[in-house]
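There are 2 protein chains.
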Amino acid sequence: MSVPRKVMIHEVGPREGFQFEQITLPTEIKAEFIEALARTGLKDIEVASFVRSDVVPQMADAESLVAKLTPYPNVTYTGTYLNVRGLERASRTGKLRLKHGLTISASETFSQRNQHASHQEAYDQLAKRADIFRDWGIGSVSLGVAAAFGCNFEGDIALSKVLDWIRRLEELAFAKDLEVDEIRLLDTMGWANPKSISESIEAIHGLWPGKPISLHLHDTRGLGMANAYAALLLGVSDFDTAVAGLGGCPFADHKGAAGNIATEDFVLLCQEMGIETEVDLDALIKCALMAEVLVGHPLPGKVKAGGNLNRYRQK
Amino acid sequence: MSVPRKVMIHEVGPREGFQFEQITLPTEIKAEFIEALARTGLKDIEVASFVRSDVVPQMADAESLVAKLTPYPNVTYTGTYLNVRGLERASRTGKLRLKHGLTISASETFSQRNQHASHQEAYDQLAKRADIFRDWGIGSVSLGVAAAFGCNFEGDIALSKVLDWIRRLEELAFAKDLEVDEIRLLDTMGWANPKSISESIEAIHGLWPGKPISLHLHDTRGLGMANAYAALLLGVSDFDTAVAGLGGCPFADHKGAAGNIATEDFVLLCQEMGIETEVDLDALIKCALMAEVLVGHPLPGKVKAGGNLNRYRQK
Numbered sequence: 010m011s012v013p014r015k016v017m018i019h020e021v022g023p024r025e026g027f028q029f030e031q032i033t034l035p036t037e038i039k040a041e042f043i044e045a046l047a048r049t050g051l052k053d054i055e056v057a058s059f060v061r062s063d064v065v066p067q068m069a070d071a072e073s074l075v076a077k078l079t080p081y082p083n084v085t086y087t088g089t090y091l092n093v094r095g096l097e098r099a100s101r102t103g104k105l106r107l108k109h110g111l112t113i114s115a116s117e118t119f120s121q122r123n124q125h126a127s128h129q130e131a132y133d134q135l136a137k138r139a140d141i142f143r144d145w146g147i148g149s150v151s152l153g154v155a156a157a158f159g160c161n162f163e164g165d166i167a168l169s170k171v172l173d174w175i176r177r178l179e180e181l182a183f184a185k186d187l188e189v190d191e192i193r194l195l196d197t198m199g200w201a202n203p204k205s206i207s208e209s210i211e212a213i214h215g216l217w218p219g220k221p222i223s224l225h226l227h228d229t230r231g232l233g234m235a236n237a238y239a240a241l242l243l244g245v246s247d248f249d250t251a252v253a254g255l256g257g258c259p260f261a262d263h264k265g266a267a268g269n270i271a272t273e274d275f276v277l278l279c280q281e282m283g284i285e286t287e288v289d290l291d292a293l294i295k296c297a298l299m300a301e302v303l304v305g306h307p308l309p310g311k312v313k314a315g316g317n318l319n320r321y322r323q324k
Numbered sequence: 010m011s012v013p014r015k016v017m018i019h020e021v022g023p024r025e026g027f028q029f030e031q032i033t034l035p036t037e038i039k040a041e042f043i044e045a046l047a048r049t050g051l052k053d054i055e056v057a058s059f060v061r062s063d064v065v066p067q068m069a070d071a072e073s074l075v076a077k078l079t080p081y082p083n084v085t086y087t088g089t090y091l092n093v094r095g096l097e098r099a100s101r102t103g104k105l106r107l108k109h110g111l112t113i114s115a116s117e118t119f120s121q122r123n124q125h126a127s128h129q130e131a132y133d134q135l136a137k138r139a140d141i142f143r144d145w146g147i148g149s150v151s152l153g154v155a156a157a158f159g160c161n162f163e164g165d166i167a168l169s170k171v172l173d174w175i176r177r178l179e180e181l182a183f184a185k186d187l188e189v190d191e192i193r194l195l196d197t198m199g200w201a202n203p204k205s206i207s208e209s210i211e212a213i214h215g216l217w218p219g220k221p222i223s224l225h226l227h228d229t230r231g232l233g234m235a236n237a238y239a240a241l242l243l244g245v246s247d248f249d250t251a252v253a254g255l256g257g258c259p260f261a262d263h264k265g266a267a268g269n270i271a272t273e274d275f276v277l278l279c280q281e282m283g284i285e286t287e288v289d290l291d292a293l294i295k296c297a298l299m300a301e302v303l304v305g306h307p308l309p310g311k312v313k314a315g316g317n318l319n320r321y322r323q324k
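Read top to bottom, the protein sequences are chains A and B.
Be aware that the first sequence starts at 10, since it is given in my numbering, and climbs by one per residue.
Be aware that the second sequence starts at 10, since it is given in my numbering, and climbs by one per residue.
Just to be clear, a hint being listed does not mean it is correct.
Pairs count within a copy or across copies, as identical chains cannot be separated in the list.
[Stated by the list, open to error] Keeping only pairs whose Cα atoms sit at most 30 Å apart, straight-line, the calculated BS3-like set for lysine-lysine is: (1) K295 to K204; (2) K220 to K137; (3) K77 to K170; (4) K170 to K185; (5) K220 to K204; (6) K52 to K170; (7) K137 to K108; (8) K104 to K170; (9) K137 to K15; (10) K204 to K15.
FYI, nobody ran anything at the bench for these hints, they're computed from the structure.
Source: prediction; values computed, not measured.
Work out the full structure: start from the sequences and follow the hints.
Given below as structure tokens:
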């Protein structure tokens, strides 16, 4: 595989970022921010999570937020959910493309802490979810492995374990007549490095030739962009990113949850390598600066301070 | 070339970092900080710049600082200078290994702004410097190109221009009976990307086979660690880095000068890729946290917040 000609960016800032922040922003402000993102050329924006408002109060306005959003040509708003009730709520909005996936944490300890479910319990829940997908006529799903490179509770995660989980999830999908549209690796706690990224991608290419891979990278320990570059070298073209690096603050002590790689820094990487993103980087940098104002503290993305190189070229 | 078995890290934080900060730290504090760095296993620490104290007041204590430093086995303290007077001052300390180099900016505009010298003037100064090297019995020098990937004033810098400058500097060195011990590329204003890094290194490998290359990378636009990784893939094993990413603050508006890549993040990259640094990452992280206290504001390095993965492995 060689460097892709273009990449698909899944902007997760509004959902992952605002969910994480202490403050709850007014719905109107969130909608304006999301629409500003939509005008940058980003094609896939995760706007809300349909979860219990007593657990995640920042997402209590999911329905009213989605109702406010102006549709833009070529822009898909997406939403996430954890259970059937969330799936039903998200579907009722009628404006979202839902991401359907069977995702498990490779770390059982993390699964227990994050979802209060052992591996067996998590697997049983996924089997039920797969039934629902079949009942709802959902034809294809992604297979996802969270904590795919390591875990703050369990340490390194062996690649063989990740591959075993992909195989088991694939069997589950096939048993429910679901096709697999992509394999997702999530570096939930920032354990990946360019070597482990490369080895994982090469192994998946070997076992599932031609199957698209998507990466969800956190920049917890400064290796996020090097990891993205390693994946690009192997032809990976689907990435979750968050504008300004939303989703965590590098100066707070929440070690499990530092931000996703910053969308605008990743767009610069692609621009400079000649990879098409179809994103207006200057407009995106304005959104990143806006995100800092909205959350009220510095966010980790760099190019919003350093500046788009094309601006200097045009001088 | 393949990934190196070990790397040599040139810690530039105390010089490049403290020179850049608004505050001037007490000499005693600087010395304690530098010695803490020396105890981490770092082997090469740039401690001071012998420049005019009316221009860089932060470095006015260069001599007294060096006098205070306790020597550590296997640790070299280094210093920089701009002219003969600085070279004389640095040499008189008797405790520094001086880095002797012939370095020019590939961007003439940057040369004029930074050194008030046209390319011809800068070259003439280097010729005089080379005479001094010969007179002082200095046998070998590095050849350096600053702004080697681009410039905020001139835009992209063509690789052919960089290679031409290396050739001219090499001719100059040879004419003065100086050997060339390495070729240095400085991404002074954060224009490099992994593709331009790779192309530059491959070109130099082709033209100067076996000649060591060293890189001085700034993380102005978030691509610093990806650039370091691209260089590691091509066997480069000499890097300038700055603890905590000293040398610039990502939240201030000084676009030309954001920090060097953070030493501790680079050490983590190497650790995770199985590349030897001989640095105690936990001790280095403590220094990075100390650096934030000393300068009084957040610094961009990530792993100081995210934590050394080996700590989690030992649980």
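Okay, the hints, checked on the actual structure:
{"no.": "1", "hint": "K295 to K204", "verdict": "between (34 Å within a copy, 26 Å between copies)"}
{"no.": "2", "hint": "K220 to K137", "verdict": "within (25 Å within a copy, 61 Å between copies)"}
{"no.": "3", "hint": "K77 to K170", "verdict": "neither (43 Å within a copy, 53 Å between copies)"}
{"no.": "4", "hint": "K170 to K185", "verdict": "within (23 Å within a copy, 61 Å between copies)"}
{"no.": "5", "hint": "K220 to K204", "verdict": "both (21 Å within a copy, 26 Å between copies)"}
{"no.": "6", "hint": "K52 to K170", "verdict": "neither (33 Å within a copy, 39 Å between copies)"}
{"no.": "7", "hint": "K137 to K108", "verdict": "within (17 Å within a copy, 66 Å between copies)"}
{"no.": "8", "hint": "K104 to K170", "verdict": "neither (37 Å within a copy, 53 Å between copies)"}
{"no.": "9", "hint": "K137 to K15", "verdict": "neither (36 Å within a copy, 50 Å between copies)"}
{"no.": "10", "hint": "K204 to K15", "verdict": "both (23 Å within a copy, 15 Å between copies)"}
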